[in-house]
Amino acid sequence: MSMLHGIAASSGIVLAKAYRLIEPDLSFEKRQVEDTEKEIERFQRALAISKDELEAIREKAKVDLGEDKAAIFEAHLLVLSDPELISPIEEKVKTEQVNAEQALKETADMFITMFEQMDNDYMKERAADIRDVTKRVLAHLLGVQMVNPSMISEEVIIVAEDLTPSDTAQLNREFVKGFITDIGGRTSHSAIMARSMEIPAVVGTKTVTEEVQDGDFLIVDGLKGEVHINPTDEKIAFYKEEQIRYEEQKAEWAKLVNEKTVTADGEHVELAANIGTPDDLTGVKNNGGEAVGLYRTEFLYMGRDQLPTEEEQFEAYKAVLEGMDGKAVVVRTLDIGGDKELPYLDLPNEMNPFLGFRAIRLCLEEQDIFRVQLRALLRASVYGNLKIMFPMIATLAEFRRAKAILEQEKELLVSAGTAVSDDIEVGIMVEIPSTAVLADQFAKEVDFFSIGTNDLIQYTMAADRMNEQVSYLYQPYNPAILRLVKMVIDASHREGKWTGMCGEMAGDELAIPLLLGLGLDEFSMSATSILQARSQIRGLSKQDMVELAEKALEMGTAEEVVAEVKRVTEAK
Amino acid sequence: MVEKKFTIIDKVGLHARPASALVQVAGQFTSDVQLEYNGKSVNLKSIMGVMSLGVGQDAEITIRTEGDDEQEALDKLEETLNKEGLAE
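Note that the protein sequences, when read in sequence, are chains S and Y. Heads up: the first sequence begins at 1 in UniProt numbering, then just goes up one per residue. Heads up: the second sequence begins at 1 in UniProt numbering, then just goes up one per residue.
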């Protein structure tokens, strides 16, 4: 047995077999073949096996993931049946007497290049389809096993270098019980997904893909950030007990589901949930969320080959608003770009995607996309308590433009006789230091702020949160960050507005005392963190936390702040 | 040989899903099926051929079938275009 350390990204303990989500080695050499007939037969066999496999995957995906997600495999099957792709490959084997691998690669590459160069949003996606199916046929030619995550049919722990949104979209939640990755941190996609799926995850282990083989028995300790590979029976018994203990702790917190979030000295704050899809509402309710503080609408746009229609969006927004039954729902408009790509939008690759064309910057430019979303939101507004939030606002001008577009769409709808709610609050994410610094000016025009700490920290510290070598600079407790947070909260309160926080920091045990002391009104976090946070806040005195926060603001380093938080809270 | 002109009404043009439906329908017939747009003609039984045309909204397309079941093929393709809300 051996053990690996990583970052505890999603709490809980799980024991299951490993499933390596890793691309096989598909390298080969160009060869001359004598018997081209036989080579073509070999190619056709690989093709037939690939088709059978894809058909099975498509059928399973239909049942497990729905028609929508299965459509991608339909497209793959069509590519494999395409006479314009298949005949040139066979032709090449025959005339050039090369091996099928080489003929396949050359032909597919020609199409991929052709599609990628086309000036059409959907072409990049088609290029990806060809690349995917080529890999599958190549794997069968080479006799290596492809990974087919959508075919998983027993409980497993996913082991991967990293997980992209399109990987996780294909995972069956019934069988995937945990994640372990080589790279990433608490705020990477894999970590966020694990928390939303309520499964344990350890990320950033650096070497898990090297050390774990398919079928190895694993223990994921998402509380301590540990992974045990092929553990002893004693260890298994120990962790089964730990698992029970954790479940009991969770049951204890569960008693607070219907309780208000009040401090020991009677101050109320709101604990809200971050969600990605209407399906996440079950988790919000089970965990006693008082609102939705962040609805990430980009999941509506991901894992598909075209933009969602106004109707699809309307249905999703309506479902969330109705599901929350009059409680506030803060919807963030499309936040794409950075680490979240949409292949069908065909956005240019950037040197610094986090500093580039993303979120509101993209929406103000691509107004067709933005306006469809706003119309869907406005139409849904009558079904609940909707608040609209624009991401990545850097200047007042951006906010004014976005709001003007919203107002235009509202007028158009109203004059066409469509019902639209009259009291939709319109706010912004505070992620960019310029906006935090100028919060007093913004506060005059916005209805609320929501601080996005993941980005605010990376922009303030100038440290890419995807880069592990600078991960030490991800310092939520740095007094510089705390001062920015304070500026935003104070500015909103002076104008009678409110400030929430929807980054990871809002659910962090060490940050909560500080944020409470700084006067934060709403804490929005993964649904699974809510009860723990409520339990913690009920034990804290607001007055004491105000004093703690004042002290922290005058400190020089994050380490001092952490020590002080521990000293004050553990003394209780 | 029979042929018919259509105008694409879908906002994003002839994109992946409806294109797949068309290709699948075309594949059911023995006739040669061609799709013409902007002076270029491709095999409508080939998904990559169809996608490579980059047919957008308001595009005028011509579908041409030739063979034993040409009329049946053309009718079925027209039906699919209508059903998918792609063209008129």
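Everything labelled a hint here was simulated from the structure, so no lab data went into it. Treat the hints with care, as some may be off.
[Said to hold, decoys possible] Okay, the calculated bits of chain S under chain Y, using three or more residues with CB under 8 Å as the criterion:
id, stretch
1, 74 to 85
2, 445 to 456
[Unchecked claim] No more than 20 Å apart at the CA atoms, straight line, and that leaves these computed lysine to aspartate or glutamate pairs for EDC-like:
id, chain 1, residue 1, chain 2, residue 2
3, Y, Lys4, Y, Asp69
4, Y, Lys11, S, Glu366
5, Y, Lys11, S, Asp305
6, Y, Lys11, S, Asp346
7, Y, Lys83, S, Glu74
8, Y, Lys11, S, Glu310
9, Y, Lys83, S, Asp68
10, Y, Lys83, S, Glu311
11, S, Lys566, S, Glu509
12, Y, Lys11, S, Glu311
13, Y, Lys83, S, Glu248
14, Y, Lys11, S, Glu509
Beta carbons: idealized from backbone N, C-alpha and C, even for Gly.
Okay, the hints, checked on the actual structure:
1. 74 to 85: This one holds; 9 residues, not fewer than the three required, reach chain Y with a Cβ under 8 Å.
2. 445 to 456: Contact hint for the stretch 445 to 456 of chain S vs chain Y: violated, 0 residues under 8 Å.
3. Y:Lys4 with Y:Asp69: The hint holds at about 15 Å.
4. Y:Lys11 with S:Glu366: holds, 15 Å
5. Y:Lys11 with S:Asp305: holds, 14 Å
6. Y:Lys11 with S:Asp346: Distance of about 17 Å is within 20 Å: holds.
7. Y:Lys83 with S:Glu74: Given that 20 Å is the threshold and the Cα spacing comes to 19 Å, the pair holds.
8. Y:Lys11 with S:Glu310: Holds: lysine 11 (chain Y) and glutamate 310 (chain S) sit about 12 Å apart, inside 20 Å.
9. Y:Lys83 with S:Asp68: Holds, at about 18 Å.
10. Y:Lys83 with S:Glu311: Status holds; Cα separation ~18 Å.
11. S:Lys566 with S:Glu509: holds, 10 Å
12. Y:Lys11 with S:Glu311: holds, 14 Å
13. Y:Lys83 with S:Glu248: Given pair lysine 83 (chain Y), glutamate 248 (chain S) is violated - Cα atoms ~54 Å apart, limit 20 Å.
14. Y:Lys11 with S:Glu509: Violated, at about 48 Å.
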